[in-house]
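Construct the entire structure; sequences and hints are all you get.
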Amino acid sequence: MSGAGRVLDEAGGLGAMTGVMAVMLFLTVLAAAIGLGTAGAARLVDRQLAGRLTVQVVVGEPGARDAAAARVLAALGGSPDVARANPVDQAELARLLRPWLGDDAANPELPVPALIDVDLRDPGDAAAARVAGLVRRAEPAARVDRRERWMSPVNRFLRTLTLTAGALVLLMASAAAAVVVLAARAGLETHRATIEVMHMLGATDVQVARLFQRRMARDAALGGGAGALAALGVVALLGGQVQALGSELLGGVALSPKEWAVLAALPLVFVALATAAARWAVLRRLRRIL
Amino acid sequence: MADIVQFENVGLRYGSGPETLSDLSFTLRAGQFYFLTGASGAGKTSLLRLLYLAQRPSRGNIRLFGEDAVLLPRGRLPGFRRRIGVVFQDFRLVPHLSAADNIALPLRVAGVQEADVEQPVREMLAWVGLSERADARPETLSGGEQQRVAIARAVITRPEMLVADEPTGNVDPDMAERLLALFASMNALGTTVVVATHDFHLLSRIAEATMLRLDKGRLLDPTGALRYPVRP
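Chain order of the listed sequences is S and V. Using this note's numbering, you'd call the opening residue of the first sequence number 1 and step up by one each time. Using this note's numbering, you'd call the opening residue of the second sequence number 1001 and step up by one each time.
Quick caveat, the hints were computed from the structure, so don't treat them as lab data. Treat the hints with caution; some may be incorrect.
If you want a taste of the chain V side facing chain S, the calculated C-beta under 7 Å gives, among others [unchecked claim]: (1) LEU1072; (2) ARG1076; (3) PRO1078; (4) ARG1081; (5) ARG1092; (6) VAL1094; (7) LEU1105; (8) PRO1106; (9) ILE1206.
Here are the simulated distance ranges between beta carbons [unchecked claim]: (10) S:LYS258 - V:GLN1119: 45 to 53 Å; (11) V:GLU1118 - S:GLN241: 57 to 65 Å; (12) S:LEU171 - V:PHE1065: 29 to 37 Å; (13) V:GLN1113 - S:THR160: 55 to 63 Å; (14) S:GLU189 - V:ARG1205: 38 to 46 Å; (15) V:GLY1015 - S:GLY19: 17 to 25 Å.
Where a beta carbon is used, it is the ideal one built from N, C-alpha and C, also for glycine.
Below, the structure is given as structure tokens:
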């Protein structure tokens, strides 16, 4: 003899759920991976740029420029807000300019500004404003740029991607729940006679709902597990390709073990969701019959 | 003996159609055997549906096991239904379950532990003479065998009341006698038995049975004074 769990026909209309859940989970895990990856990249950008300034000493004559840069550097060195202030090597600047200016980039007569990289002790706005004031007092021709500002469009883009991915995950979860509700209703129709017998034998609505819950949970676990596994494979493949690019920004996209665990837990979340949706749908429908 | 069922001016109407049952007033006493008779369409099945709580009446009062069955909250119906065994006219066996699993269903619904299910199911299969067919699915069973599985399923929990709708309608006379003997033995154990039938040959087999006669939805013999064969 077997348990009461087989009361619903195994060949009933619920089997298609496995395939649907596989597709749902595949897409959801991909969307979640994109969301987690872009969130990671945004965090990396924040970490790398927070509290970092670039001082430009824009003086045309090289001698005067170097003297002004030295004054600014000395002023920065005396500030308690500054953790580190390093002048960018002129040769390095010439190398960066070479793609646009060719060999002229190394011409000492070229009015290239002197640059100083500054790391603040406190990444807040107040410290940045104090340092900017200090620089202007030392050299009125100097300009202070916060790197966060340069990168804010990139950051905004990354955060929009994260939010979009999050919204996609929620949409997929809602769609999965809706599919489960529809499947449960169809199942109730298919098994109407059996359910009536169960009721007449004294089964409670919760007992009947449990039959559907079990079925939905199994389908969600099988389909969702397969879909999630395939998606995790794709994510791993893409992650490997991103790492191979060697990009500092894209490096932030790489998922941490914790984020992998979150992705792996998604099928469980969907199983719980499918179970709850099936229970809700069945109980709601059963309340209408005696 | 206490009254197990009391009907007072009960009427039943499906939708906006005419009344299927009208002005039914009668009582069923615990531990008694009742035949419910009447021509096809007389309302036997509708009356039984009221008895096993598959239907609420359109009017009137029904008391079941001493409680108002009309106003019974939906959540309490399962507890009442577990006290009633039902043999449906069309058996209503669960097609994907074996004979044994069909018989075990009421025990599982009642929350009996799996370890305690097998023994009573075996006994019940032996009681209805289907020990060899325990693993057979309903589709492979004959009409008579399905009927016996349905009866075993109805009585395995030793219900206080057994309601059977034309239980001998699909079996040969010998099998009908045997099934009736099963009901009689259940009745001897204290179960109130209500059997709907239009097989007049059966009515004389249980001498102490009370007959309820329906005609066009009305009870002709609410006191049960008429018996079959009618005594002078």
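* Those earlier numbered hints the structure runs against, lowest number first -> 1, 2, 9, 12 and 15
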